[in-house]
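Given the sequences, and given the hints that come with them, work out the whole structure.
In order, the protein sequence lines correspond to chains A and B. The opening residue of the first sequence carries number 0 in numbering that gives the first Met the number 0; numbering runs sequentially from there. The opening residue of the second sequence carries number 0 in numbering that gives the first Met the number 0; numbering runs sequentially from there.
Errors might be hidden in some of the hints.
Once the Cα atoms are required to be at most 30 Å apart in a straight line, the calculated DSSO-like pairs of lysine-lysine come out as [claimed, not checked]:
| # | chain 1 | residue 1 | chain 2 | residue 2 |
| --- | --- | --- | --- | --- |
| 1 | A | 316 | A | 291 |
| 2 | B | 50 | B | 167 |
| 3 | B | 166 | A | 43 |
| 4 | A | 313 | A | 339 |
| 5 | A | 239 | A | 194 |
| 6 | B | 132 | A | 4 |
| 7 | B | 132 | B | 166 |
| 8 | A | 316 | A | 224 |
| 9 | B | 171 | A | 291 |
| 10 | A | 339 | A | 291 |
| 11 | A | 43 | A | 194 |
| 12 | A | 373 | B | 2 |
| 13 | A | 43 | B | 167 |
| 14 | B | 2 | A | 4 |
| 15 | B | 166 | A | 4 |
| 16 | A | 43 | B | 2 |
| 17 | B | 146 | B | 2 |
Listing some non-contacts, in silico: residues in chain A with all C-beta distances to chain B over 10 Å [unchecked claim]:
| # | residue |
| --- | --- |
| 18 | 7 |
| 19 | 24 |
| 20 | 112 |
| 21 | 129 |
| 22 | 171 |
| 23 | 184 |
| 24 | 211 |
| 25 | 223 |
| 26 | 236 |
| 27 | 253 |
| 28 | 274 |
| 29 | 276 |
| 30 | 290 |
| 31 | 307 |
| 32 | 381 |
Quick list of simulated restraints, FRET-style, between CB atoms [unchecked claim]:
| # | chain 1 | residue 1 | chain 2 | residue 2 | range |
| --- | --- | --- | --- | --- | --- |
| 33 | B | 65 | A | 47 | 51 to 59 Å |
| 34 | B | 172 | A | 211 | 54 to 62 Å |
| 35 | A | 369 | B | 148 | 27 to 35 Å |
| 36 | A | 212 | B | 31 | 53 to 61 Å |
| 37 | A | 159 | B | 162 | 46 to 54 Å |
| 38 | A | 181 | B | 149 | 23 to 31 Å |
The hints are simulated quantities; they were obtained by calculation from the structure and are not laboratory data. Where a beta carbon is used, it is the ideal one built from N, C-alpha and C, also for glycine.
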Amino acid sequence: MVTQKTVATTGNLFVAEAIRQALPDVIPVYPITPQTTVVEEIAKFAANGRIDAEYVAVESEHSAMSAAIGASAAGVRVVTATASQGLALMWEELYIASGMRLPIVMFNANRALSAPINIHCDHSDIMGARDTGWLILFAETAQEAYDNTLVSFRIAEHPDVLLPVMTTADGFITTHTVDRADTLDDETARAFVGKYKPTHALLDFDNPVSHGAFAGLGGPYFEFKQQQRRAIDGSLGIIKEIIAEYSAISGRPFDVVEGWGMEDADVAIVVIGSTAGNVRHVARRLRAQGIKAGVLKIRVFRPFPTAGIRDALKGAKAVAVLDRSDSPGAEGGPLYFEVKSALYDLDHRVPVVNYVYGLGGSDVRTELIERVYKDLGDIASGAIGPFDMTYLGCR
Amino acid sequence: MHKLTEIRWHARAGQGAVTAAKVVAETALSAGKYMQAMPEYGPERMGAPIKAFTRISDGPIEIHNNIEFPDVVIVLDASLLEVVNCIEGLSEEGMVIVNTCSPAEEVKAALGVSASVQVACVDASGIAYDTIKRDIPNTPIVGAFCKVSDVIDVHTFKDLLARSLGKKFGPKMVDANHAAIDRAYEEVTLA
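Okay, structure coming up:
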């Protein structure tokens with residue numbers, strides 16, 4: 000029987016709980032704000048015998064990912080966690096993990112990159128990893144961070160996926176706020192995640208394989224990459240199936256992309272992470288005033304759910320994309336390109352504008368979201384035309 | 000829409016405001032409500048002005064930003080009233096609770112708030128010295144908060160504290176805190 004417990008704690012501790020319940024074998028990890036309390040909690044689990052895993056205290060994030068790759072290639076379930084500069088330090092190895100098709104699960108506490116030094120939330124770190132071949136999930140709340148972490152193991156280890164997954168939550172906003180969420184009992188969580196059965200383990204001496212071998216000029220590098228691309232593209236349907244299975248157990252239905260009020264929205268905001276809640280909070284008030292406001296939240300960013308986004312936005316009169324990172328020198332932020340590109344094939348043009356907001360944890364005040372909806376109303380009515388990327392709330 | 004109560008805490012680092020923000024949220028959860036608690040993370044040094052936030056609602060809370068327009072402001076150190084604009088954005092039907100020996104009428108006049116704003120005062124530090132033997136005014140001020148608002152119930156709060164403090168510090172500390180809460184509950188004045 001599924002029993003759930005309603006708990007008040009921080010997003011990070013909910014993530015640590017999901018990691019414990021997933022029964023990982025090896026956890027190489029290095030602490031960095033705002034991910035640190037995940038590491039502390041896992042270290043406590045290991046010290047108190049509440050987790051039967053090899054906890055490896057490494058000396059850097061580069062080593063953390065090296066150890067994760069080694070252990071995963073050997074044929075065990077591996078999980079790690081990082082943030083910001085730590086994720087940046089792992090960069091070269093992120094490609095190795097995905098290229099070797101290792102189903103590593105990594106939690107990222109989304110945080111700004113230096114300089115200047117900043118420990119607070121934005122998506123600059125995670126967007127730097129968007130082309131690494133990892134699957135990427137975003138959470139709005141502590142509940143979503145917990146649920147996403149459990150499903151990540153199933154997605155990564157699915158025999159038709161075999162790709163590393165990053166499950167993320169917004170630094171401090173989600174990772175450090177005490178929030179209410181429901182956790183599954185251990186037995187149910189374990190039964191859902193299941194036992195890991197490696198298919199190409201290096202330590203399976205009866206079936207010797209090579210991993211990450213030289214595939215240079217004339218070698219199969221290009222073909223490998225095509226296989227990897229197909230696996231990522233094909234993972235979207237598998238992710239949906241796994242999410243549906245999890246939703247049936249947890250009673251918390253969710254999807255790769257989630258609309259609110261999108262059935263008849265005139266003005267819509269596309270958003271990822273914790274800010275989706277702030278936007279919905281404002282949209283509810285606007286609906287009460289008769290304004291047809293909608294919110295489109297992207298929960299799975301890689302693979303990008305292009306068709307779902309196109310379908311949800313096709314009827315809108317004006318759309319704003321909120322980016323919590325920038326692509327300096329480009330037309331706007333990374334989410335903007337992808338949403339705008341998804342809409343290009345529509346028969347009629349949906350006006351799309353871009354706001355870069357909340358860099359370095361800059362507070363997402365209600366008034367800022369109201370301003371975006373007001374701009375969209377003006378574009379929808381024809382009072383103004385679409386405008387260039389705007390820094391929202393920048394002094 | 001669900002009724003949402005937003006509480007902003009002003010304190011000096013070390014006074015236990017972050018813990019109080021969390022404990023109030025946990026008390027709300029044990030009464031079946033939805034809640035959020037978070038500090039405003041900045042440079043961490045003892046005595047520096049800090050803010051913390053608690054949200055309590057009958058339904059899920061979707062908003063995640065700092066509290067700009069609080070319903071309740073709780074000030075753990077009255078000297079902050081001259082340093083920080085503690086009542087910034089306070090609702091016209093809002094409430095301010097201050098840790099001070101001064102009478103509520105006097106503090107209300109000094110704050111210059113509208114007549115509709117309620118001001119509650121309690122000597123939480125004095126009570127903490129008497130009962131807990133240290134200037135940790137967080138539990139008594141929450142006792143006062145339970146009295147002057149209907150957001151959380153004092154018995155639920157005391158039960159929760161008994162469980163959380165009992166495990167860490169033993170029954171003596173629980174009794175001292177319960178005594179502090181009871182006294183603040185009785186002594187708080189309202190204007």
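Hints versus structure:
no.	hint	verdict
1	A:316 with A:291	holds (10 Å)
2	B:50 with B:167	holds (26 Å)
3	B:166 with A:43	holds (18 Å)
4	A:313 with A:339	holds (11 Å)
5	A:239 with A:194	holds (20 Å)
6	B:132 with A:4	violated (37 Å)
7	B:132 with B:166	holds (20 Å)
8	A:316 with A:224	violated (39 Å)
9	B:171 with A:291	violated (58 Å)
10	A:339 with A:291	holds (21 Å)
11	A:43 with A:194	holds (23 Å)
12	A:373 with B:2	holds (25 Å)
13	A:43 with B:167	holds (17 Å)
14	B:2 with A:4	holds (24 Å)
15	B:166 with A:4	holds (20 Å)
16	A:43 with B:2	violated (38 Å)
17	B:146 with B:2	holds (20 Å)
18	7	violated (5 Å)
19	24	holds (32 Å)
20	112	holds (18 Å)
21	129	holds (23 Å)
22	171	violated (6 Å)
23	184	holds (19 Å)
24	211	holds (40 Å)
25	223	holds (41 Å)
26	236	holds (29 Å)
27	253	holds (14 Å)
28	274	violated (7 Å)
29	276	violated (4 Å)
30	290	holds (15 Å)
31	307	holds (21 Å)
32	381	holds (31 Å)
33	B:65 with A:47: 51 to 59 Å	violated (35 Å)
34	B:172 with A:211: 54 to 62 Å	holds (57 Å)
35	A:369 with B:148: 27 to 35 Å	holds (28 Å)
36	A:212 with B:31: 53 to 61 Å	holds (58 Å)
37	A:159 with B:162: 46 to 54 Å	holds (47 Å)
38	A:181 with B:149: 23 to 31 Å	holds (27 Å)
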